[in-house]
Amino acid sequence: MTRRLVVERRLFFVFAAFMLSVPWLIPALASVFWVNVITELLIWSLLAASANLLFGYVGLLSFGQALFFGFGMYGVGIGITQFGLSFWPAFGLGVVSAMAMALVCGIFAVRLTWHYFAIITLVFSLIFYFLALTMKPLTGGDDGINFTLPPTFSFGGTQWSFTSTNFQYFFILATVAACFYLMHLVVRSALGKAFLAIRDNDARASLIGLNVYVLRLVAFVMAGFLAGVAGALFAFFGRYASATYMFYQTSGEAVVWAVVGGVGTLLGPVVGTSLLILLREIVSTHWEHYSLIVGALAIIVVIVAPRGLMGLWRDWFDRSRAREQGETQAVPHTEPRTEP
Amino acid sequence: MSEAILRTEHLTKRFGGLTAVDDLSLSLARGQLHAIIGPNGAGKTTFFNLISGLLPPTSGRVFFDGQDITGLLPHQVSRLGIKRTLQIKSVFNQLTVADNLWVTRQAGKRFLHPFRAASRDVDTRERVDRTLEEIGMTALAGRLAGTLSYGDVALLEIGMALISEPRLLLLDEPTCGMSPAETARAVAKIRELTHKVDIVIIEHDMEVVFEIADDITVLAQGAILASGTPGEISVDERVREAYLGQPEDEDYVSEAENA
Amino acid sequence: MDTLLLLALNGLIWGLIIALIALGLSVIFGLLDIINIAHGDFFMVGTILAWFALEITGSFWVGFIIVPLLCFALGALIQRVVIQPIRGVAALSIVATFGLSLILQEVVRMTFGATPRRMLSPIPGTVPLFGIQYDVYRVFAAVVSLAALGAFFAFLQHTKIGTWMRAVRHDRDTAIAMGIPAQRVYRYTFAIGFALAGFAGVVAAPITNVDFRGGVDLLPVCFMAVIIGGLGNLPGTAAAAILLAVMEGVIESFATPTVARITSLVLMSAVLLLKPQGLFKGHTR
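Protein chains in written order, with my numbering: chain R, 45 to 384; chain Y, 67 to 325; chain F, 8 to 292.
Rather than coming from a laboratory, the hints here were simulated on the basis of the structure. Hints are supplied without guarantee of correctness; some may be wrong.
Derived, one-sided and incomplete: chain R residues facing chain Y with beta-carbon distance under 8 Å [stated by the list, open to error]:
1. Arg53
2. Glu84
3. Arg155
4. Leu193
5. Val230
6. Ser233
7. Leu235
8. Leu251
C-beta atoms are modelled at their ideal positions from N, C-alpha and C, and glycine is treated no differently.
Whenever a hint applies, use it, and build me the whole structure from the sequences.
Next up, the structure:
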């Protein structure tokens, strides 16, 4: 098993190196357009990560992460258009309002479990979707609002802003990477283990002294944070905010990305989102009905590979190792479900 | 005469028309291993559920070491030092044996650090290692709890109860479903533990009860039928009628008499 | 005042139609433990098929008969291909039904197109009702929905399969132990769920937009009816559907439809949090 971790670590470095060289590598191989695709993909993988944190590590399936995404997005959008905020205050507004929303909703939602939790997260997100639709002067409804972005950094005469594709890419990469790193820390920490215990057996967890309600709430707010950051980045990226992204379709897609990639793994969301979004971009130039593929993939993954692509990779690796070493015991099923 | 470790006053639990625990007042002294026995449906597990906070009582009070713990939530009761195992053995199947112990140890803390790597907590790691040794599962530390044999799961549960330095241990049918070898192992372990911790066990296996209990309470239909030493219980007519009245059990009875 | 009456009556009709759909959702949820995100799309498929039936045969009534049967068959097929294989991973069933929803919408978009269309009412004309002139077809829709509701409840009470369904919903393990073929019951349940929604779609087609997104709007309402009525409480679900629709209709008369929808959603949240077993008395599951 540790051999696999070593391999995964190496693959991760290759991946990181690739990501750092994208602004130069990709235009050379394809075109600048794909740099933007990858940028957008990073943002969506953060939303998938937020669903993954709740589902994969705490056992709560949320169908409403789009709500917090929306607050992050509109926090930035409304902050800039209505309050004339500059970059960082708008960013802060987006993230803080998303977390506050997560706290308020979580206080109620986390009292429920299983199907009811999924339903109520769906309902909460719908309530705010409809509110956003009604408050059209403020939010632009489904059409959304457009705005120009103030610069990110400006000292003296130099300004760095999102008008530069490279700066935009690196800023988003850095932010998303930082968020994933935070998730990595949490998963390895005492809090992370408590989450896993709750996901596994919540009755036992409360018997050993864990306050299941509070811990779930903490996880919910953390996931709200991730979704809020994703929303804020999205607003920065597109200079655009629209109520459409608060609809449950967005929440559902985030869950599908996380499940396809591998629920309960750290990089599963990135893998799943990348695959599905790249698929979308590639297929939609030739065929407009790529949704069919997304839908079919969702079903197939659930039936054939419920642990997602990461799960498939791990099973395959462990099995070929076992064959190599001539072991006969069944390795796959003794694998812990979650690893960094 | 020191304060009883566990005391209940008129503890009652009703579910609609059914009275599961009926005006139970008992007092369990320190330093003894208490057994609670009784036919199925006598209210034994409900009694444990009331004490550990999984169920709120309909009326009555529960006192732990003099402190009123009636109505506290499970995790609060747990924090006070009362640990219990469940009738149906239940651990964290997707965590390793070591992690099961680890997380149990951590659970008592007020603050769970969200960013510091768990592995850096040397203190906890030492305790986990020590407990693993105590229950004899050091070799199995890395195994997923879901893959353990039934007997090992029971031992793990006891380990989890131990690692949190309990003041009172409630064991619900610890030998249920075990082979004779596993039972002997568990009984030996429990006996060792009585030196450190007050224990109350619910048991059906009369051999075990008469072997290790210092004090027995017999429940029937939610109320106390009799209580006393194993010797006293074995000759109590009401108990014999209600519970030990089958010919097969008379062997145990005579064993107890001669114990 | 007339508008209020009109909207309330419309609400009532819609409530009956939604009751049919919500009942399907409830039995699927109750028996198969699945949150069927695609259920609104089942309704939508019904409207689309009704439209196609009209296009192809020139008669609405052909569709009226055939579409529910088609939907039944489709439901059985989907259950076999998609639902049955995932029985072991209930938590992920939402993901699978979400995928199903995407597929259904896209297939419809491919065949029917993205533009919403309207169907002509098969029974033109109005009839005086409570002092206003009311659509004959809507009255017909109400009658037929009521009949369908009645038929469904009768089916549950008096047929072998209906009894099996009730048994499995009440206590799955005992039912199986008594020899009830669970797989067959699941298949029937899913098929009936689709058929009910599809039938509601046919009935509703002339009075609503026929649109590939038509199911998306309906899904929250159906969930609301199921939750507020109480899981496992079928009459309660039907009653809740009617009350919700009437309530939304009434609110629409002095506010926007969106506000009406928000009100229902808030009500639903309150029920979920305070009385998850629903507002109505009935056997809770």
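Hints versus structure:
1. Arg53: Not OK, violated: arginine 53 of chain R not within 8 Å of chain Y, min 16 Å.
2. Glu84: violated, 29 Å
3. Arg155: Not OK, violated: arginine 155 of chain R not within 8 Å of chain Y, min 13 Å.
4. Leu193: With a minimum Cβ separation of about 31 Å from chain Y (threshold 8 Å), the hint on leucine 193 of chain R is violated.
5. Val230: Since the shortest Cβ distance to chain Y is 5 Å, the answer is holds.
6. Ser233: Check passed: Cβ of serine 233 of chain R comes within 5 Å of chain Y, closer than 8 Å.
7. Leu235: holds, 4 Å
8. Leu251: holds, 6 Å
Hints 1, 2, 3, 4 from the list above are not met by this structure, while the remaining hints are.
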